[in-house]
Amino acid sequence: MSASVQRAAPAPPMIDTSLPPIHIAITDTSKRYGAAGVLALDRVSLTVREGEFLSILGPSGCGKSTLLRCVAGLERPTGGEISVHGETVRRPPANMGVVFQRDVLLDWRSILDNMFLQTDFRGEKRSRYMARAHELLDLFGLKGFENAYPTQLSGGMRQRAAICRALLADPDLVLMDEPFGALDALTRDQMNLELQKIWASARRTILFVTHSIGEAVFLSDRVVVMSPRPGRIAMTLTIDLPRPRRMAIREMPEFAHYCAQIRTLFGEMGLLKDE
Amino acid sequence: MNEISRTRRIWGLLTPATTIIAVFVAWQLLVTGLHVREVILPAPSEIIQALLSQPAWFAQEGLYTMATMLVGFALAVIVGILLAILIVEVKLLESTLYVLIAALNSVPKVAIAPLFVIWLGTGYGPKIAIAFLIAFFPIVIDSVLGLKSVPKDMLDLASSMRASQLAQFWRIRLPTALPSIFAGMKVGISLALVGTIVGEFVASDHGLGYIILTAQGTFETAQIFAANILLGAAGIVLFWAMSALERRCLPWHASQRQEV
Ligand SMILES: Nc1ncnc2c1ncn2[C@@H]1O[C@H](COP(=O)(O)OP(=O)(O)O)[C@@H](O)[C@H]1O
Ligand SMILES: [Mg+2]
Chain A
1 MSASVQRAAP APPMIDTSLP PIHIAITDTS KRYGAAGVLA LDRVSLTVRE
51 GEFLSILGPS GCGKSTLLRC VAGLERPTGG EISVHGETVR RPPANMGVVF
101 QRDVLLDWRS ILDNMFLQTD FRGEKRSRYM ARAHELLDLF GLKGFENAYP
151 TQLSGGMRQR AAICRALLAD PDLVLMDEPF GALDALTRDQ MNLELQKIWA
201 SARRTILFVT HSIGEAVFLS DRVVVMSPRP GRIAMTLTID LPRPRRMAIR
251 EMPEFAHYCA QIRTLFGEMG LLKDE
Chain B
1 MNEISRTRRI WGLLTPATTI IAVFVAWQLL VTGLHVREVI LPAPSEIIQA
51 LLSQPAWFAQ EGLYTMATML VGFALAVIVG ILLAILIVEV KLLESTLYVL
101 IAALNSVPKV AIAPLFVIWL GTGYGPKIAI AFLIAFFPIV IDSVLGLKSV
151 PKDMLDLASS MRASQLAQFW RIRLPTALPS IFAGMKVGIS LALVGTIVGE
201 FVASDHGLGY IILTAQGTFE TAQIFAANIL LGAAGIVLFW AMSALERRCL
251 PWHASQRQEV
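Going down the list, the sequences are from chains A and B. If you're matching positions, the first sequence starts at 1 in my numbering and goes up one per residue. If you're matching positions, the second sequence starts at 1 in my numbering and goes up one per residue.
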């Protein structure tokens with residue numbers, strides 16, 4: 001088993017040409033809310049390559065959302081720099097889809113109209129994306145619900161619709177902030193499988209925030225574990241498990257070993273007292 | 001629509017109608033049975049007689065009142081919503097103007113009605129002004145509340161889609177605020193009618209308020225009741241019209257969904 005563990009070490013410049021190009025480069029990024037407020041991020045450095053599925057894992061309040069929001073251009077870092085495709089992030093990058101913990105569907109729009117929110121903002125013709133919209137609805141089991149209103153759907157279906165919305169314009173970067181946090185365990189497992197499938201089919205870069213160890217290990221190529229106050233990267237773990245992964249993989253010793261490593265780290269951070 | 005909900009809807013209309021009829025029948029019987037003098041409490045038949053003896057006059061004065069009220073209300077809606085947008089967009093206005101409006105809201109507005117007569121004379125002006133003033137407060141206050149209640153992650157979503165501030169206003173903020181704006185308008189339209197009548201009491205030679213005041217001087221109680229019944233009917237129709245408009249504009253809203 002080849003688990004490569006680096007602790008809080010900035011990634012050395014890669015020379016290996018076989019690796020995909022760098023998609024997101026986070027360099028020494030800090031974020032302090034208010035002049036004397038919380039230091040939510042403390043000199044975080046991280047490189048994400050194109051097509052990578054990377055999870056950011058950590059207890060609540062350790063700065064996961066802050067990091068994601070800085071990448072999304074919704075928050076300005078107070079130190080360091082973030083670039084996407086080599087360009088410094090000053091506003092939300094084009095070609096990006098975001099999924100929040102709440103589905104944030106607009107109640108007054110049907111599911112289909114919700115999916116077209118971005119194209120409506122851009123003033124684009126819907127016809128260009130109509131085929132894609134139906135393909136996505138089909139893929140996420142929402143066929144027949146395109147004209148339903150959000151209040152008529154279950155939590156799982158609503159979040160599926162939110163994911164469809166994020167994927168409609170074929171973004172090459174998808175940011176997800178605890179998207180399944182509000183779902184029941186079974187729906188959550190199902191969504192993990194669907195997400196893996198959609199990621200495998202188009203190999204977008206996905207930055208996925210979660211506080212579930214199992215979910216992070218199951219989905220990711222790499223898991224970045226953060227520690228709180230101040231928010232720092234405590235460990236980066238490459239998950240070397242074959243894909244496509246089935247739910248049963250969680251019973252395998254390799255899977256359990258990855259989870260144990262993370263749990264041990266949480267124990268060392270004093271976040272998990274297992275006596 | 002299925003049978004059950006249809007029956008229920010018919011009952012929903014029938015029950016209040018029967019109640020009103022029953023009240024009028026009881027009223028008629030009591031007044032005639034106890035020989036109450038018309039000047040104290042006229043029977044429904046005498047009220048109807050008063051209405052039918054001068055239908056054109058009642059219609060004309062009723063329309064005058066309604067027109068005045070609608071102009072005042074329309075102004076309150078336009079000014080109220082625009083001001084609410086300004087208050088939400090400009091931080092300084094929230095801590096100054098909005099606080100002032102909220103404080104003035106507790107002043108009994110009808111008490112300053114005579115001032116408008118001094119300022120604006122006795123025509124349409126003072127009545128529109130009072131209707132406007134009294135309807136304006138709930139509209140501006142509820143609109144501000146609605147515009148401020150937009151969830152932050154919804155705006156984040158729009159920003160992540162690179163939507164301009166203007167696009168965010170039209171596609172996110174305004175639709176989110178609409179239920180609250182309608183709540184303000186529903187209160188406002190009833191208050192506008194009250195404001196108009198107060199205006200007509202203070203100084204007027206027209207309108208249902210004027211009819212009531214002159215009828216009081218000549219002890220024509222049946223006319224007072226007739227005017228009040230017209231006002232009540234107008235109030236119901238206006239509220240119903242606002243609700244219908246609300247249903248059309250916000251079909252998604254929870255308050256509109258009918259349980260089957
Ligand atoms: N808008 C904000 N203003 C002030 N403090 C904030 C704000 N957002 C987050 N914080 C603080 O920053 C820290 C990290 O928050 P966050 O990134 O939301 O953590 P996580 O997503 O890991 O739960 C927390 O201590 C939180 O209280
Ligand atoms: Mg968070």
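Calculated directly from the structure, the hints in this document are not laboratory data. One or more hints might be untrue.
[Stated by the list, open to error] So, partial list: chain B residues that the calculated Cβ filter (under 10 Å) puts toward chain A:
id	residue
1	D156
2	S159
3	L178
[Stated by the list, open to error] Heads up, incomplete: computed chain A residues facing chain B, CB under 7 Å, no partners named:
id	residue
4	F100
5	K143
6	F145
Just so you know, even glycine gets a beta-carbon here, dropped at the ideal spot from N, CA and C.
For each hint, the structure was consulted:
1. D156: Interface hint status for D156(B): holds (5 Å vs cutoff 10 Å).
2. S159: 6 Å, holds
3. L178: 8 Å, holds
4. F100: 5 Å, holds
5. K143: 22 Å, violated
6. F145: Not OK, violated: F145(A) not within 7 Å of chain B, min 15 Å.
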